[in-house]
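Assemble the whole structure, with the sequences as input and the hints as a guide.
In order, the protein sequences belong to chains D and Y. Okay, so the first sequence: first residue is 474 according to our numbering, each after it adds one. Okay, so the second sequence: first residue is 28 according to our numbering, each after it adds one.
Where hints are given, some of them may not hold.
Per the computed footprint, the stretches of chain Y lying under chain D, defined by three or more beta-carbons under 8 Å from a beta-carbon of chain D, are [stated by the list, open to error]:
no., region
1, 40-50
2, 211-219
In silico lysine-lysine, PhoX-like type, Cα no more than 25 Å apart, as pairs [claimed, not checked]:
no., chain 1, residue 1, chain 2, residue 2
3, Y, 96, D, 567
4, Y, 222, D, 574
5, Y, 96, D, 641
6, Y, 96, D, 566
With beta-carbon atoms standing in for the labels, derived distance ranges [as the list claims (entries may be wrong)]:
no., chain 1, residue 1, chain 2, residue 2, range
7, Y, 118, D, 564, 34 to 40 Å
8, Y, 129, D, 559, 26 to 32 Å
9, Y, 190, D, 563, 23 to 29 Å
Calculated from the structure, these hints are not laboratory results. A quick note: this is a predicted structure, and the numbers were derived from the prediction, not measured. Glycine included, C-beta positions come from ideal geometry on N, C-alpha and C.
Spelled out from the first residue to the last, the chains are:
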Amino acid sequence: MKELFAILIGAMFVENFVLSKFLGICPFLGVSKKTSTAVGMSGAVIFVLVLSQAVTWLVNHYLLVPNELEYLQTIAFILTIAALVQLVETILKKMIPSLYKALGVYLPLITTNCAVLGSALLFVERQYSFVQAVFFGFAAGLGFTLALVLFSGVRERLETCDIPEAFKGMPITLIAASLVSVTFMGFASLIIP
Amino acid sequence: MEEKKGFLSILFNGIIKENPTFRLLLGMCPSLAVTTMAKNGLGMGAAATFVLVGSNLVISLIRKIVPDKVRIPVFITVIAGFTTIVHMLLAAFLPEINKQLGIYIPLIVVNCIIFARAEMFAQKNGPISSILDGIGMGIGFTLAITLIGSVREILGAGTWMGIPVTVNLFDPAVLFILPPGGFMVMGLLVAAFNKITERKRKETGNEADSEAGCAAGCPGCSKAMHGGEA
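And the structure:
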């Protein structure tokens, strides 16, 4: 229990996926214009992260490790994630149309989200157990949500600001992200699990 | 003569006009994550260039055999294959760089630059043009992230490629080698790039085709660009 708590705090605050590990920057900068889309995207990311952590852990533990195929990890993981996202999309469309409506647009974007592949590679590096790996996925998703929703609030304020010509668009967004990231450095003094 | 010029323009296209990092804003994760030192930028750039050239070549060779419907999984497999090769080569010959870059080497698979070039270029062009495009884009990416790395290393650690350069000038500000510095330096450099090359070209030039290329491979990125430009 204590371990899981450390994973939660670690993945959410101390080494926040977006703001300190730079995983999932594309959606972070891409869908953070409005808080509502940010929430939708975050929901989809948490959902896929938890699922993909479970599946990739099983693939790694029961397929790759016993057959000494660890060097195929990158290929196996990315294909698993791509197939999983496709499968989730199809199943949701048929079974739970309401959820599909809410998350559908964001699902295809997630295959190329480095947070998903990144957390799969991290649980291998850190030798997490199944429960730890799945929980790590959940915590990373929560950290992503926190960063994305906070940042979308900042960006909504930026809309009304008077910005120098050369800084319009991406540059000012990046600088705002830098300032949000500074605030997360405050958590750095917490113990890293 | 004309053909030769065409090849040259393909090669230089990626360096300034469509610089993947500063212009197309692709591959942001590695550009920010590994650029705490100029040397890391160089290593990451070289690794990505290798994958880019290899996957561009293979994809342009098989583009006519692969049915349109399964093209995305096929491309991903090809890219993942080259990434694995580069990962193993680095682990064997440059273990220090490999350790520094860590999980960001396998993460080249999801680097949108590579997928975007496969979709936008290699899929439509012959092998030689595709190799040149890979080299050009790779050099553009390498130059860009080495530049980010240099700025961050000089400001944040007072060294460049490990050599102390600012000993008597100013005290290094550690912030720049920490995550916030990455965002900030990137933001300032994109602004400078916009200023220098004028924004005009961005609106007329490559927005349309980069959108097309990204739509399938990395919609997050293409959205990022739109979000940024609006």
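Each hint tested on the structure:
no.: 1; hint: 40-50; result: violated (count 0)
no.: 2; hint: 211-219; result: holds (count 7)
no.: 3; hint: Y:96 - D:567; result: 21 Å, holds
no.: 4; hint: Y:222 - D:574; result: 41 Å, violated
no.: 5; hint: Y:96 - D:641; result: 38 Å, violated
no.: 6; hint: Y:96 - D:566; result: 20 Å, holds
no.: 7; hint: Y:118 - D:564: 34 to 40 Å; result: 38 Å, holds
no.: 8; hint: Y:129 - D:559: 26 to 32 Å; result: 29 Å, holds
no.: 9; hint: Y:190 - D:563: 23 to 29 Å; result: 55 Å, violated
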